[in-house]
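For the sequence shown, our numbering assigns the number 122 to the initial residue and increments by one for each residue that follows.
A portion of the hints provided could be inaccurate.
Computed cross-link-like contacts, DSS-like style, restricted to lysine-lysine with a CA-CA straight-line distance of at most 30 Å [as the list claims (entries may be wrong)]:
{"#": "1", "residue 1": "K317", "residue 2": "K338"}
{"#": "2", "residue 1": "K177", "residue 2": "K208"}
{"#": "3", "residue 1": "K264", "residue 2": "K328"}
{"#": "4", "residue 1": "K213", "residue 2": "K223"}
{"#": "5", "residue 1": "K237", "residue 2": "K177"}
{"#": "6", "residue 1": "K713", "residue 2": "K824"}
{"#": "7", "residue 1": "K261", "residue 2": "K329"}
{"#": "8", "residue 1": "K338", "residue 2": "K245"}
Don't read these hints as lab results, they were simulated from the structure.
It should be emphasised that the depicted structure is a prediction, and the values quoted were computed from it without experimental measurement.
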Amino acid sequence: MRRLLIFLLLIISILAIAAFEVVPSSYSVVKGEKILFKISLTDESEKPQQFTLKAKITLGGFDKPDILTKGLKVDGKTELNFLAPKKAGEVKITFSAETADKKIYTQEISINVTEKDESEFSDKLKATIDSFKGSVAYKKEGKQVWESIKSDTILQEGDEILTLDKAYVIVKFPDGSMTKITENTQVLFEKMRKAKDGRILVSIIIKKGGTYNVVQKMVAGSSFEVRAGSVTAGVRGTKFGVDYYEDKAQLKVWEGEVLAFYDDSFVIPVFEGGQLAFELFGQVIEDINQLFENTEFQELLETLPELEEISIPELPKEIPEQKLPEPTIEKPSQPTQPMQAYIPQLGVETASKDGQKYIVYTISPEFTIGPVTLGIGLTAYATEVGGTLYYGIPSTEPSTNIINMITINSVALNLGNFYLRYGNMPQISIGMGFSVRDYYKPYSKSFDTKAFLGTFGLMAHLPFELTKLWPFEFVQSDSVFAGELEMKSILGGMDLGVGVLYDTSVATNNVLNEATPINLSASVYLRYPLSGGLYLGVETASQFLSDYSKFGLGLFGGLSGRLSIFDVIAGVYGTWNGFRPSHFGRIYTFQKLKNQLNTLSNEEILFGYLAGFNFDTQYAMGRFYLLGDFLGDMDLLGELRISIPQVGAMAGLFIYGYYYDSTPFAEGQFADSDTIAFLRITYPIMEKNLVAGIVYNWDAIAKQWIQSVYIGSETSW
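Input sequences plus hints: build the corresponding full structure.
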């Protein structure tokens with residue numbers, strides 16, 4: 122009897138404490154669907170309590186994503202939907218409620234995610250061509266031949282569409298949904314089926330390029346998805362766009378809601394008026410917080426093109442024969458309509474490499490086969506207009522053997538946790554970017570790799586390039602090697618990393634006054650992820666002279682990383698023994714070529730500040746940096762490129778400006794005796810390949826702007 126009384130008292134005491142209830146509408150869900158959760162917290166008197174609700178998940182997501190990051194403020198009770206992943210299995214969700222007096226209540230729920238039965242979608246779905254413009258081709262499932270699209274072309278599951286420059290096509294589905302495939306885009310209609318009751322199943326894969334989509338309200342159980350790389354956009358009825366360029370997926374939502382599934386594992390909702398971009402560079406995402414760190418959330422400013430207004434009322438029955446890209450092309454059975462491999466437009470540009478100027482002619486198509494992207498082209502060059510034509514990549518030993526015209530422009534292998542790329546050299550930054558930020562050598566190729574194993578990540582930059590096939594010539598394209606090792610969430614959620622950059626060939630003649638050069642940088646950094654790729658942290662770095670007779674030390678603390686469209690850095694630093702912040706930066710190769718590199722200075726201890734940003738948008742890109750010390754010395758660097766697109770009869774404009782001053786405003790003027798600056802405004806004659814315009818160069822000696830005529834090309838930077 123006594124034991125019974127004790128047991129009853131224990132039960133009563135348990136019932137008298139606060140009650141944290143988490144009630145799902147079901148413990149099982151089909152992959153890609155939703156489950157409603159009702160959550161409440163009451164005190165011992167059953168009075169609703171205010172609390173902060175957070176959750177941790179092994180897979181999936183929530184329609185209120187703040188629950189996974191900063192938490193949701195709840196007054197007593199709330200409801201939210203769990204978004205199931207697109208893979209079957211058990212999902213564990215741990216909910217926690219924290220009250221104002223720091224009491225924490227937790228509850229774990231297991232959800233079973235089951236496979237989706239697609240057997241009812243047994244009928245084939247047919248899509249038609251609403252309108253098209255320019256060179257558009259399609260390929261039937263199982264065929265190797267691309268055919269020019271017609272107004273009466275019917276598309277089915279397994280078919281592909283390819284658009285070339287200044288072309289588009291609008292595809293219309295039976296329920297009225299429409300997809301506009303923009304220029305230079307290749308898509309695969311992976312699934313196009315329907316059920317007897319009117320439900321549809323559509324899955325589109327963007328191999329490269331972009332689409333705009335207007336999806337009608339669908340019957341419950343229908344599905345319309347657009348996949349770009351590892352990201353899948355799933356909708357029920359909305360207006361949205363998906364772009365996929367250079368392994369970066371971007372999702373824009375004009376109306377409704379889109380669920381962004383990453384690798385079929387985690388889900389982030391994107392609401393009306395928003396856009397996000399995934400840029401993961403091969404990372405293996407094991408926690409949804411990693412996904413938030415590498416995702417840019419922005420307000421959507423552009424408007425959705427009116428698909429109906431783009432329609433062409435008088436469509437030609439057939440596009441004139443075009444040359445269409447395909448690695449292997451078969452001839453059609455009817456000799457009256459021969460098909461040919463697509464030869465891209467000839468690119469002509471001027472290039473400066475190792476002090477020598479070249480005129481380079483290139484044709485460079487690119488193909489993607491599974492995890493491999495391959496760019497094989499034809500390249501020739503000359504040192505002057507009308508001069509001898511050499512084949513291959515500009516080399517110290519020019520070749521007149523035509524076989525060397527065949528060049529491997531790029532190769533990329535993406536296996537998820539391992540990424541290897543050979544191609545044009547990317548910008549290199551290490552850690553917070555205090556010693557090494559945006560290092561880059563123009564017109565050079567390199568091998569760049571990233572590998573991920575659990576919480577460990579490794580980066581390596583190896584500057585080698587293939588210049589000739591016969592005789593085989595594989596040369597070092599640059600003298601700078603770099604590597605970085607990072608460990609995620611190793612200390613209180615902070616990332617710890619080490620990085621090294623080494624210049625194997627820099628001499629005293631590359632340095633002002635022929636001083637001993639800096640050839641080695643080593644960094645250690647500790648940073649805490651804030652949001653969207655922005656970090657708060659510290660970096661300590663050292664720089665060594667090539668003869669190791671002296672080394673400098675530096676310590677930086679502040680912000681670094683992505684903020685909306687900007688790649689920013691801002692903070693304060695202290696240096697000892699002449700350490701030079703951002704010594705290995707974007708202008709390092711220019712200073713080295715001009716023999717204007719700096720060495721470790723004589724200051725023992727110096728304190729200063731560093732602030733700046735890069736940005737890159739569809740029509741403009743630039744970088745602006747201010748580096749100074751508290752004694753009044755500063756460097757100011759600015760670079761801006763604007764591309765104004767064609768509007769009506771106006772063919773567009775290119776505007777490019779550059780500014781660098783080691784003593785800005787020292788003489789009370791924006792441009793003075795040590796300013797390097799120019800402004801170029803050009804008009805396209807043959808797109809970017811041939812432009813003409815005017816250039817304003819700053820003459821630092823005469824202290825005036827000099828105007829001249831420019832005829833050449835606008836190349837990417």
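**Study point:** Hint check against the structure, violated hint numbers in rising order
**Key:** When the structure is compared with the hints, none of them turns out to be violated.
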